[in-house]
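Given these sequences and hints, build the entire structure.
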Amino acid sequence: MSTAPPADPPRRPRRRRRDWTGLVFVTPFLVVFTVGIVAPLVYASGLSLFRDQLIGGRSFVGLGNYADALTDARFLEGLSRVALFLGVQVPIMIGLALLAALVLDSGRVRAMRFMRIGIFMPYAVPSVVAALMWGFMYGDRFGLVAQLNEATGLALPSPLSSTWVLAAIGNVVTWEFVGYNMLILYAALRAVPEELYEAAAIDGAGEARVALSIKIPALRPALWVATLFSIIGSFQLFNEPNVLQSLAPAAISTYYTPNMYAYQLAFNANQVTYSAAVAVLLGAITVVVAYVAQRLTERGNRR
Amino acid sequence: MRSMSATTEPRPAPAAGTAPPHGGRRTPAPARTGRRRSRRRTSVLLQAAMALMVLYTLLPLYWLAVNATKTNGELFTSNGLWFGSEFALWDNIVTTVTYQDGIYLTWLFNTVLYSVAGAVGATLICALGGYALAKFDFPGKRAVRAVVFGAITIPATALAIPTFLLFAELGIADTRMAIIIPALVSPFGLYLMTVYAADSVPDSLLEAARIDGAGAWTTFWRVAFRLLAPGVATVLLFNLVHTWNNYFLPLIMLSDPALYPLTVGLNQLNSQVTTGANLEPVYNVVLTGSLLAIVPLIVSFLFLQRYWQSGLAAGSVKQ
Numbered sequence: 001m002s003t004a005p006p007a008d009p010p011r012r013p014r015r016r017r018r019d020w021t022g023l024v025f026v027t028p029f030l031v032v033f034t035v036g037i038v039a040p041l042v043y044a045s046g047l048s049l050f051r052d053q054l055i056g057g058r059s060f061v062g063l064g065n066y067a068d069a070l071t072d073a074r075f076l077e078g079l080s081r082v083a084l085f086l087g088v089q090v091p092i093m094i095g096l097a098l099l100a101a102l103v104l105d106s107g108r109v110r111a112m113r114f115m116r117i118g119i120f121m122p123y124a125v126p127s128v129v130a131a132l133m134w135g136f137m138y139g140d141r142f143g144l145v146a147q148l149n150e151a152t153g154l155a156l157p158s159p160l161s162s163t164w165v166l167a168a169i170g171n172v173v174t175w176e177f178v179g180y181n182m183l184i185l186y187a188a189l190r191a192v193p194e195e196l197y198e199a200a201a202i203d204g205a206g207e208a209r210v211a212l213s214i215k216i217p218a219l220r221p222a223l224w225v226a227t228l229f230s231i232i233g234s235f236q237l238f239n240e241p242n243v244l245q246s247l248a249p250a251a252i253s254t255y256y257t258p259n260m261y262a263y264q265l266a267f268n269a270n271q272v273t274y275s276a277a278v279a280v281l282l283g284a285i286t287v288v289v290a291y292v293a294q295r296l297t298e299r300g301n302r303r
Numbered sequence: 001m002r003s004m005s006a007t008t009e010p011r012p013a014p015a016a017g018t019a020p021p022h023g024g025r026r027t028p029a030p031a032r033t034g035r036r037r038s039r040r041r042t043s044v045l046l047q048a049a050m051a052l053m054v055l056y057t058l059l060p061l062y063w064l065a066v067n068a069t070k071t072n073g074e075l076f077t078s079n080g081l082w083f084g085s086e087f088a089l090w091d092n093i094v095t096t097v098t099y100q101d102g103i104y105l106t107w108l109f110n111t112v113l114y115s116v117a118g119a120v121g122a123t124l125i126c127a128l129g130g131y132a133l134a135k136f137d138f139p140g141k142r143a144v145r146a147v148v149f150g151a152i153t154i155p156a157t158a159l160a161i162p163t164f165l166l167f168a169e170l171g172i173a174d175t176r177m178a179i180i181i182p183a184l185v186s187p188f189g190l191y192l193m194t195v196y197a198a199d200s201v202p203d204s205l206l207e208a209a210r211i212d213g214a215g216a217w218t219t220f221w222r223v224a225f226r227l228l229a230p231g232v233a234t235v236l237l238f239n240l241v242h243t244w245n246n247y248f249l250p251l252i253m254l255s256d257p258a259l260y261p262l263t264v265g266l267n268q269l270n271s272q273v274t275t276g277a278n279l280e281p282v283y284n285v286v287l288t289g290s291l292l293a294i295v296p297l298i299v300s301f302l303f304l305q306r307y308w309q310s311g312l313a314a315g316s317v318k319q
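Protein sequences, first through last, are from chains H and Z. Going left to right, the first sequence walks through residues 1 to 303 as the working numbering numbers them. Going left to right, the second sequence walks through residues 1 to 319 as the working numbering numbers them.
These are computed hints drawn from the structure, not numbers from a lab. Just so we're clear, the structure is a prediction, and the values are computed from it rather than from any experiment. Be aware that a few hints might be false.
[As the list claims (entries may be wrong)] With the C-beta cut set under 10 Å, the calculated list includes, among others, these residues of chain Z facing chain H:
(1) Leu-46
(2) Gln-47
(3) Met-50
(4) Phe-87
(5) Leu-89
(6) Thr-157
(7) Glu-169
(8) Gly-171
(9) Thr-175
(10) Pro-187
(11) Phe-248
(12) Ile-252
(13) Ala-258
(14) Ser-271
(15) Thr-275
(16) Leu-302
We put the CB at the ideal spot given by N, CA and C, even for glycine.
Written out as structure tokens, the structure reads:
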């Protein structure tokens, strides 16, 4: 590779010759892509078509595992839980991120650099540590909620009770990602050319008009990216409930989210092929929901 | 799964343009010097709202830092938001790193190994590939773009169990490579590098290098890679954070505690302590271990952020 031909005199001014150099450069990626993504998906999809029986060993059952999953109360319970999570947590998080981005962009606050970094900081914290920290603060051993109740005589419910634990998880996820989403949105606002604002000012547009006609349209693609990643994150929810489980074993079941269920099937129930079906199905559902959301956004944009 | 990649292929192009480090590319200096900003008056209401938000994001980190300085006993008896009577941070650190024959240091070493090997490898692979996709024509290029960029929406967590099943079949599940190999794959990194290379590496420069007789490999390292440096830093940082924070995959893949990264080790220790499986209630080890686990990330974040900004400024001057 290092001795690629210096031949080919500069006859053609265009550099984009059609040759194999580019393919050689992209080959390392294709190799790891195949080993790390394509092969596991192909293998797991294949495995999901079989079932292990006590007698007779592994036998082909076609889409049987998928049919089972779609009527499996535990899988469906987890699925509806993450759908609820998606419907509540994601709008709150994106709303907060949007608000923060608009405020930063308005230039009407001091110490912006500190605020930006401070709000973004949780993104650098592993979700395991985030869940551990919040879990301790939630908890009754040396948690803040218990101390607050003790100090003020309030009777705040435990965030780790089965009523509140989903909200408690939502808070951890919001904490982790609000700053990241804020930065995505803020960067989109910063990319608006100054001339646009100047032109709007000359035309006598007020602040509301500027927000409506310039800022919101400029934000739309970034909002979509932020939402897309949040949809994926919701459906794939695993780390936070898994970590909090040891603190709230009564509130968080082993099939609390679909991913936890798949994990439980593979490792504790020893239903490996069914676990593969659940994992593949969940991945497919996630991508379909993300796709549908994208189409809806596009239709909204065309209007 | 082929349909998955096909359906998600038309991804909005502005993604990279709006990702943190790129969005500001055209702004010469850190945000606070924005031109239209100086004219605005500070709003007390907005200031208060932002202060509240920073409080929300920093409070848990403060809580962790404060409580990592307490002895096990004082964790339960002192105010959670203030220091105890004894400042035991150093003792806690010593206890943490010597606990169970220094298992924490083993976990730390594993985390560093996995993240550095994974992130450096992934970033080089993405830089090469992105440069190729942006600057070369080659047979099959359109197919490569469609499949790889379509794979961006396949979540890493959805791949964890399939990857484990395959690696278990191949007999490499409980090894270090089982964590490093998946960390080398970053479709989003490739996407960012492609967009970045298209913007920041001028064709004329590559043409000049070619006329000077430089081969494709030399040109990449001597010319393109330097121009790509800010993008490389970005992709490196994101991959580093991703692997450092990875939990699901190592949790599934590894059964030997000597191979655990910090995330898996810390959580296992915590659940042993919480459920009473571990007879010593070493909450101080869990807390101090958590604190030590995030310090390098936060420091490298701040450090690399400066690096970005200088890169961003240089990029804007060139335009």
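* Asked: In ascending order, which of the hints set out earlier in this document are inconsistent with the structure?
  -> Per hint list: 4, 5, 8, 9, 13 violated.
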